[in-house]
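Asks: Here is how the chains run, residue by residue.
2 protein chains.
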Amino acid sequence: MDEFALIQTLFQPLQEIGSEENASTGHGFLKKIGDDAAVWKGQGNLAFSIDTLVEGVHFTSDIPPYDLGYRCLAVNLSDLAAMSATPLFYTLAITLPEIHEPWLRAFVDGMRVLAERFHIPLVGGDTTKGPLTITIQAHGLCPHPVYRDGAQVGDDVYVSGSLGDAAAGLHLWLDRDSRSAASTHAHSKDEDFLIQRFHKPTPRIVLGQALSGIASAMLDVSDGLLADLRHIAEASGVSVVVDAQSLPISDALSRCFEMPQANEWALTGGDDYELAFTAPPDMEQKLQAVAKQSGIAITKIGRIETVNDTQKVSVENANVDLTRLGYNHFS
Amino acid sequence: MDEFALIQTLFQPLQEIGSEENASTGHGFLKKIGDDAAVWKGQGNLAFSIDTLVEGVHFTSDIPPYDLGYRCLAVNLSDLAAMSATPLFYTLAITLPEIHEPWLRAFVDGMRVLAERFHIPLVGGDTTKGPLTITIQAHGLCPHPVYRDGAQVGDDVYVSGSLGDAAAGLHLWLDRDSRSAASTHAHSKDEDFLIQRFHKPTPRIVLGQALSGIASAMLDVSDGLLADLRHIAEASGVSVVVDAQSLPISDALSRCFEMPQANEWALTGGDDYELAFTAPPDMEQKLQAVAKQSGIAITKIGRIETVNDTQKVSVENANVDLTRLGYNHFS
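The listed protein sequences derive, respectively, from chains F and E. Residue numbers in the first sequence follow the UniProt record's numbering, run continuously in steps of one, and reach 331 at the last position. Residue numbers in the second sequence follow the UniProt record's numbering, run continuously in steps of one, and reach 331 at the last position.
There could be a bad hint or two in this list.
Identical copies look the same in the list; a pair holds intra-copy or inter-copy alike.
As the list claims (entries may be wrong) - When the alpha-carbon atoms are kept at most 30 angstroms apart in a straight line, the in silico BS3-like pairs for lysine-lysine are as follows: (1) K300 - K312; (2) K41 - K286; (3) K129 - K312; (4) K189 - K312; (5) K189 - K41; (6) K286 - K129.
Hints were generated in silico from the structure; no laboratory data involved.
Model the full structure from these sequences, guided by the hints.
Replies: This is the structure in structure tokens:
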């Protein structure tokens, strides 16, 4: 199957997703796939984020293609969630070592399930030959964006869902051969949950939208909580103090791993794609209502203090080695 | 140097380019680099195109980094030119095997010269580790886009500039070791011109804009003239007849290579990034004026006929082997 036939049969149907929903918002496409460029006719605050996932760096070569397709779109939508945006559409540039149709069908299926959930069409792309690399640019409307630079001294720090699951899931996934050889499977359901948290993160779109007007600063937890909070500290010119004992740890994670390890992953492990944000103390009641309505836990994990040049992010009640504090990476 | 310092020192200055010009158009950025997403506030027809260049597929590992930076942005802007769009901004996702600062500085310099020419800021991106791969999404406004599907029976077919130079340049570049070992350098200036045509194509932005309202269908010549004209034929439901004797061949190309070879490259070689378009016969005078004003040659190379299912693109007066007709590729 050549490039054009491939695009026709596999990618073209993705451009029909959500068309009607978009029309009803007054925004629409004059052109999607199939010309030199897509043409979007609209107005407002258009947020967009581009992210690349590289085989061997961001995922292992044996990730199920369905999960990979899901994950590539999920991590991009997570960036939109962190802006408090409503997803509108996305583009896909995929570099493949070869065209293996069953693999590609499963990859497309994984993207489709998420695209259908958020009613977003694929509107353009590029297919190239080379080492497996996937770049997606996701676009959304955000009438009232929430940035990283709005944290104020006295604000509380919150995080959605639970932390550390994805790092535990990655550990389990990489270690699965030795586990399957072992005789005990007492935790197999919990382990599957953790692996899914790594492979198929949930972009917190609805929560992100609900936090507009409440959160003073926001981002998604992709590099690891401490590394990500550092961005808020630097952009806002404040310091962040995290209470290590308050971090939300899932039941699955606490059943599968001892506390110091779970807490370390919660502090420094990445890939959870939860929202971390700050809000003034008087927003606490509103936040409880948002948590109740969305069904997603919101946990207070720290506070914003005046800027402290030597330690932009510090941790209280830590029971783990924190030499990794301030960790950042080239990946 | 870590990822964040790298972005700070090298990529951040690119986001300042063209800021004032964009403000004067009533469009502007609430956020560029440095948050979860960029936020553009504007309205109108936003055209955008995403393209990936992979080392070993779209460029050789020894391409000068300055040329590579230039080329990556140029091929994306060429897609906007083919829509008759005015470039506004771009995003960059770059995957690097390592951070080699001098290389990266030269790469950024190459992007900058083109970004400054068209007054477009870099507004977002992603830096990842892996095999050298560069993905750019370029965005522009096009009040009156020109698509591929507007060609009418009776229209003439035109192309800008000259064809085949880039294919010749690639040939010369790959063969340069054996050439430099030879004693004769009679054509060295011509050869440099051809290599530059491959490494540093000129996006025909101003010409593309001038052709709005004149051209009935348009695209840029990236895969090779015959392969690209096939897209117009298929999208418009017509046939294209090309007169092989009318193809514009540059003086440099005709001095360096014999006619059959030059003509073959003009027909099937890609990477020239000239504009190929159709227009009704009564537009000929307007086209002469556009050519005069832009200083870019516009050559009539064929005509549009009723649809011919067996041969969507056919060639008259061919003096080369045309078994490659209908050629398409996965790259």
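Asks: If a hint holds in the structure, say so; if it doesn't, say that too.
Replies: Results of checking the hints against the structure:
no.	hint	result
1	K300 - K312	within (19 angstroms within a copy, 65 angstroms between copies)
2	K41 - K286	between (35 angstroms within a copy, 29 angstroms between copies)
3	K129 - K312	between (43 angstroms within a copy, 27 angstroms between copies)
4	K189 - K312	neither (38 angstroms within a copy, 57 angstroms between copies)
5	K189 - K41	neither (47 angstroms within a copy, 46 angstroms between copies)
6	K286 - K129	neither (50 angstroms within a copy, 41 angstroms between copies)
When held up to the earlier numbered hints, the structure conflicts with 4, 5, 6 and fits the remainder.
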